Amino acid sequence: MRYLPLTQSDRQAMLAAVNAATIDDLFADVPESARLSGPVAGLPMHASELAVERHMSKLAAKNLSAGSAPFFLGCGAYKHHVPASVDHIIQRGEFLTAYTPYQPEIAQGTLQVMFEFQTQVARLLGTDVANASMYDGSTACWEAIGMARRITRRAKAILSGGLHPHYVSVANTMAKYTGDTLVTAVPELTAEPDTAKLIDLIDDDTSCVVVQYPDILGRIADLSDLAAACQAKKALLVAVVTEPVALGAIKSPGEMGADIVVGEGQSIGVGLQFGGPYVGLFGCKEKYVRQMPGRLTGETVDAEGKRGFVLTLSTREQHIRREKATSNICTSSVLCALAWSVHMTLLGEKGLRQLAALNHAGASAAADRLAQVPGVELVTPTFFNEFTLKLPKEARPVVRALADKGILAGVSLGRLYPGEEALENGLVVAVTETTTAEDVETLAAALQEVLA
Amino acid sequence: MSTINQSGWRPQMNAVEGEAVATFTGNRALMLEEALIFEIGSLDTTGVDFAEAPQATSRLGGLERHRDIGLPGLSEPEAVRHYTRLSRQNYGIDLGFFPLGSCTMKHNPRLNERMARLPGFADIHPLQPIDTVQGALEVIDQLAHWLVTLTGMKAVAMSPKAGAHGELCGILAIKAALEARGEDRRVVLVPESAHGTNPATAAFAGFTVEDIPATPDGRVDVAALTARLGPDVAGVMITNPNTCGLFERDLKTISDAVHAAGGYVYCDGANFNAIVGKVRPGDLGVDAMHINLHKTFSTPHGGGGPGSGPVVLSEALAPFAPLPFVEQQDGRFVLVEEETAGEHHGSSFGRMVSFHGQMGMFTRALTYILSHGADGLKQVAEDAVLNANYVLRSMEDVLDAPFANSGPCMHEAIFSDRGLAEGFSTLDIAKGLIDEGFHPMTVYFPLVVHGAMLVEPTETESKAALDQFIGAFRSVAQRAKAGDAALKSAPHFAPRRRLDETQAARKPVLVWKEPAQAEAAE
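So the protein sequences, as listed, match chains A and B.
Residue numbers are given in full-length UniProt numbering: position 346 of the first sequence equals residue 346, and the series is strictly consecutive.
Residue numbers are given in full-length UniProt numbering: position 232 of the second sequence equals residue 232, and the series is strictly consecutive.
This is chain A alone, in the form it adopts within the complex (with noise of 0.2 Å):
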């Protein structure tokens, strides 16, 4: 029990100050029914350093690591290079174990860090201002439907069949519950994103119109009319960025006028982790701060005039104003904040393009070579670093076939949509600065076999 300081003479010390025989006397409060004698049974007994470490070792060299296979999944969340400087930063005790900096004299370490995040997302995105993180991509997005909820006092929102279809789900869940409606789609295979559809759908009722980008086949559309027609209409448009190393390479969507732009930040700074901790990216136009969700960091001044930083407008928050809150959202990602502010500041305006440029090249070049396979036909003519092939067959028992010869070859749209036959043989396949030309000739010549 090395976590545990307390000797026993300490403790036998203690139990004589606070005036009890012994430490069952300060559980007197629990019914003696509820009480637990011993350790809780079936479970086991503590272990060693070595021994934790050897179990846990075992646990993960079951899994086959992406970094150990020609590796091309995206849908959400990208395998990129992390600088080792930024795994050191954020293992640094006073980033690592500081708690909320509530108490923001002794917290600007992580205050000018929020504050420098919120900068670098709101440029990024192309918006305003932008918050100090989320959950990840999937609760800002429903977070950005709720806000646009609130400005619009409308309910209706219109989802486009372009978005990640577990963000379409995360939205469903939370619509039950909060009465709005959602319009959605599923994606076709075709060239086009729905953008001309959803214009059609925009009516006075419509809160807002929701459309990722690049969107989960990896299509990239211009949003400028879209936004021009929610505008006419007085709904908003929120856009969702699941891969935002694109917006070193293209127009962000704030640019193109939209007015929530919501992100998942992933794949800047913080790796994959089998899905979590993420962070979500959240920025919108000024003047609807007050509706915004989450964390805020402000500039200020002290008693000494001199600058300094702490979290701001919490009239909005849970803590504040229970049920009347904006959201009950009561934390943010800070760590994976820090991890993607650090990553982004040693990228800079001149890395991240390079890093864009990389991407793009490499997906380019790689979506050529897999449309050469016989049979597979590139779906997507515009594209980042994500382009979806349709396959002569069902995509989902090729992926596993893949990964038997140790190749994770992507994503199959039959496991994001299961049960829509028009898509089943649909394969969306990932391309980063970590991808080999090795890896992609590996990848084809494969998939020509199973194919076969």
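What the hints contain is simulated information worked out from the structure, not anything from laboratory work.
If you're wondering where the values come from, they're calculated on a predicted model, not measured in any experiment.
It is possible that some hints are incorrect.
Said to hold, decoys possible - No farther apart than 27 Å at their CA atoms in a straight line, the calculated lysine-lysine pairs in the BS3-like style are these:
| id | chain 1 | residue 1 | chain 2 | residue 2 |
| --- | --- | --- | --- | --- |
| 1 | B | Lys513 | A | Lys350 |
| 2 | B | Lys513 | A | Lys287 |
| 3 | B | Lys154 | A | Lys176 |
Place chain B on chain A using the hints.
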């Protein structure tokens, strides 16, 4: 889009009034001032080397970015120095005692961090074929087994991303169960002493929230609660141990009454640290309870997240658990997602997050749990409760302790501002503790106590550390009672003096702007 200020570091004369020596830079030896990345970085600097991108035809649909984004870069040494300097302006549990009540700041073992970074856990994709992630699913399954066993419950929903998200999960499970029964119950009862997230959660899920008062001894008023039960009450949300630091003795009686009236019991498990291994909430009739893995099972707070809030569920609520979840079938682990759910989990209320929850936190929590074992976890609760009572009894002659006679406190001790000198408040004590080198306790919470101070020592503090804190706390409290004017302007020795929060809220500055631009916006 603004360009980035290239003027670099701007020296400031920061003469502090009453201090004889000013420095040219504003730095003071090891206490270094640090500018913002926007003031020291440039658009042409990068700390990452990339291979040259091959020339390729753009397929970006004519949306190529032309304008600058405005992201400053730093070289690697500059970046490491920037963040290291900032880190030194932060207090963390690694630095010293962190007695935040209800927040449970305990030592974060570094083994947890090492295990979470094994490539087999850190470098796997949430949508990889199931056969390539059997070890990860086994981690989830093992942690789930510990959580249901320690709580005496039927099932656990692993995906909620934080405590408040877990509350939402529990409340949605209750709502789904009521719907399955065909009942439209609209009211959730929330005792005054509950966390502020509880009423926010219930309201968010469309319920009407009604407060239930606390008794003078700091517990739920059972008579008032049972009197309010009826066919319109969906359930109660209760915190146990509660926010007054006390165990709700009558929880079983309350649960029985709520169940008899057709409702469900939600327990806020934020304070599970005090009873882990000693009491199973399932034995007290709880239907749903979230567990903040970061609090009880030592995953780091990270400056305010990420958290993780799995929710244990009773037999009555288990069928309504959110997707996805892990099951064993024919000797292998499967992940039940939408596609298979219809077959045998048709009652699930749906999906709460895009993937499977906070895997990185599960790895850390399981590592911690295995290190402690069932015997160690029981010791955790005992030491936490002993430490809290030690603080309570060492302070009650100096500070008002409103519930000192309500029975032993659990893992946290509560004090009020009664008896401080005219014009002195809880905040002055908090800021005084900063000068003594401690992070202050939780202040002004719970709301039922005027000028509340909630002290939670946790089990990872030694007696020597507690004695040092108690000495400092007594000294600061006595100064506040004596009206020591110097305390009003504390902290004197922190990287910043008291910060103007009113100005920050009145005219929010949430992003950095080029000074000229900022002036123009005035």
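So, going through the hints one by one against the coordinates:
Our distance criterion of 27 Å between C-alpha atoms is met by Lys513/B and Lys350/A, whose separation comes to about 20 Å. A threshold of 27 Å between alpha carbons decides the hint, and for Lys513/B with Lys287/A the separation of about 17 Å falls inside it, so the pair holds. In summary, the hint linking Lys154/B to Lys176/A is supported, as the alpha carbons are separated by about 25 Å, within the 27 Å threshold.
Comparing the model with each numbered hint stated earlier shows that all of them hold.
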